[in-house]
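K.L.:
Each chain is listed here by its residues.
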Amino acid sequence: AQRVTQPEKLLSVFKGAPVELKCNYSYSGSPELFWYVQYSRQRLQLLLRHISRESIKGFTADLNKGETSFHLKKPFAQEEDSAMYYCALGGSGTYKYIFGTGTRLKVLA
Amino acid sequence: SQTIHQWPATLVQPVGSPLSLECTVEGTSNPNLYWYRQAAGRGLQLLFYSVGIGQISSEVPQNLSASRPQDRQFILSSKKLLLSDSGFYLCAFAEGKGSTEAFFGQGTRLTVV
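Read top to bottom, the protein sequences are chains A and B.
Heads up: the first sequence begins at 1 in the working numbering, then just goes up one per residue.
Heads up: the second sequence begins at 1 in the working numbering, then just goes up one per residue.
Treat the hints with care, since some could be wrong.
Cross-link-like lysine-lysine pairs, in silico, DSSO-like; alpha carbons within 30 Å at most [as the list claims (entries may be wrong)]:
1. A:K96 with A:K65
2. A:K73 with A:K57
3. A:K22 with B:K80
4. B:K79 with A:K96
5. A:K9 with A:K65
6. B:K97 with A:K57
7. A:K96 with A:K15
8. B:K97 with A:K65
9. A:K96 with A:K9
10. A:K15 with A:K57
11. A:K73 with A:K96
12. A:K106 with A:K57
13. B:K80 with A:K73
14. A:K96 with B:K80
15. A:K9 with B:K79
16. A:K57 with B:K80
17. A:K9 with A:K106
18. A:K96 with A:K57
19. A:K9 with A:K57
20. A:K73 with A:K106
21. A:K15 with A:K73
22. A:K57 with A:K22
23. A:K22 with A:K73
To list a few chain A residues with every Cβ distance to chain B over 10 Å, as calculated [to be verified]:
24. V13
25. G16
26. A17
27. V19
28. K22
29. E32
30. S40
31. I51
32. R53
33. N64
34. P75
35. D81
36. G90
37. T94
38. F99
39. G102
No lab work stands behind these hints, which were simulated from the structure alone.
We treat Cβ as the ideally placed atom computed from N, Cα and C, and that holds for glycine.
Sequences and hints are given; from them, build the entire structure.
P.N.:
Rendered as structure tokens:
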């Protein structure tokens, strides 16, 4: 079974501080991990995926298969990063995308 | 380019009334289609997905059903709504198996009164 855990419902940081949103997963197959973001009054959209290994808006995430984690990081938070962030698990062997419960990030001025 | 349309944006329905939410996709063929419910503290719960016309997989037992009458049309239905069906419903599509990006609609806020 596919499972995603995001332990933090809310994360508040000050502008310029580092950010780490945690995500752990459980999957018996070959996982594909994604981070989706939902800004206020906008639709849910892809932020980044592990297979791309790229930095989007200063965010990075590394897939750690040993720890079954895919934490999202940014060295210096900006106010416009305030949003709801969802970690999602898919895989080449499944049609399903399973999402975590989400973490609301608030960046304080 | 691909687009996904979902309507209505908001809906208020009495308990016991039927429900029909529609989702259509443009700019792609044979997409995989998904219905999710988004609830505070519970994240996005996968309700149904479809990999082809008439093929529906249900993820959780509930008062809802889904249908895919055409390649790019996905409908979420209920014969009799319950108060617990209230929530925010999202339609999504992907062009491949679970290693490709999923694209989401704007969502429907359903309130059952």
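K.L.:
Could you grab the alpha-carbon distance between K106 (chain A) and K57 (chain A) and see if it respects the 30 Å cut-off?
P.N.:
At roughly 16 Å apart (the allowed maximum being 30 Å), K57 (chain A) and K106 (chain A) satisfy the hint.
K.L.:
Check the hint pairing K96 (chain A) with K15 (chain A) against an upper bound of 30 Å on the C-alpha distance.
P.N.:
Distance ~36 Å between K96 (chain A) and K15 (chain A) Cα, so the pair is violated.
K.L.:
Is D81 (chain A) truly not at the interface, in the sense that its beta carbon sits beyond 10 Å from all beta carbons of chain B?
P.N.:
19 Å, holds
K.L.:
With a cut-off of 30 Å on the C-alpha distance, tell me whether K22 (chain A) and K80 (chain B) pass.
P.N.:
Not satisfied, since the Cα-Cα distance of roughly 39 Å exceeds 30 Å.
K.L.:
Does K15 (chain A) pair with K73 (chain A) here, judged by a C-alpha cut-off of 30 Å?
P.N.:
14 Å, holds
K.L.:
Take a quick look at whether K15 (chain A) and K57 (chain A) sit within 30 Å of each other, Cα to Cα.
P.N.:
Given pair K15 (chain A), K57 (chain A) holds - Cα atoms ~15 Å apart, limit 30 Å.
K.L.:
Quick one, are K80 (chain B) and K73 (chain A) close enough, alpha carbons at most 30 Å?
P.N.:
Distance of about 44 Å is beyond 30 Å: violated.
K.L.:
Within 30 Å, alpha carbon to alpha carbon, are K57 (chain A) and K80 (chain B)?
P.N.:
Violated, at roughly 44 Å.
K.L.:
Determine whether the non-interface label on F99 (chain A) survives the test: each CB of chain B must be over 10 Å from its CB.
P.N.:
4 Å, violated
K.L.:
Does the structure keep K96 (chain A) and K57 (chain A) at a Cα separation of 30 Å or less?
P.N.:
Satisfied, since the Cα-Cα distance of roughly 27 Å is no more than 30 Å.
K.L.:
Between the alpha carbons of K9 (chain A) and K57 (chain A), is the straight-line distance 30 Å or under?
P.N.:
22 Å, holds
K.L.:
Within 30 Å, alpha carbon to alpha carbon, are K57 (chain A) and K22 (chain A)?
P.N.:
Judged against 30 Å, a Cα distance of about 18 Å means the pair holds.
In the structure shown, a violation is registered for the earlier hints numbered 3, 7, 13, 15, 16, 29, 31, 36, 37, 38, 39, in ascending order.
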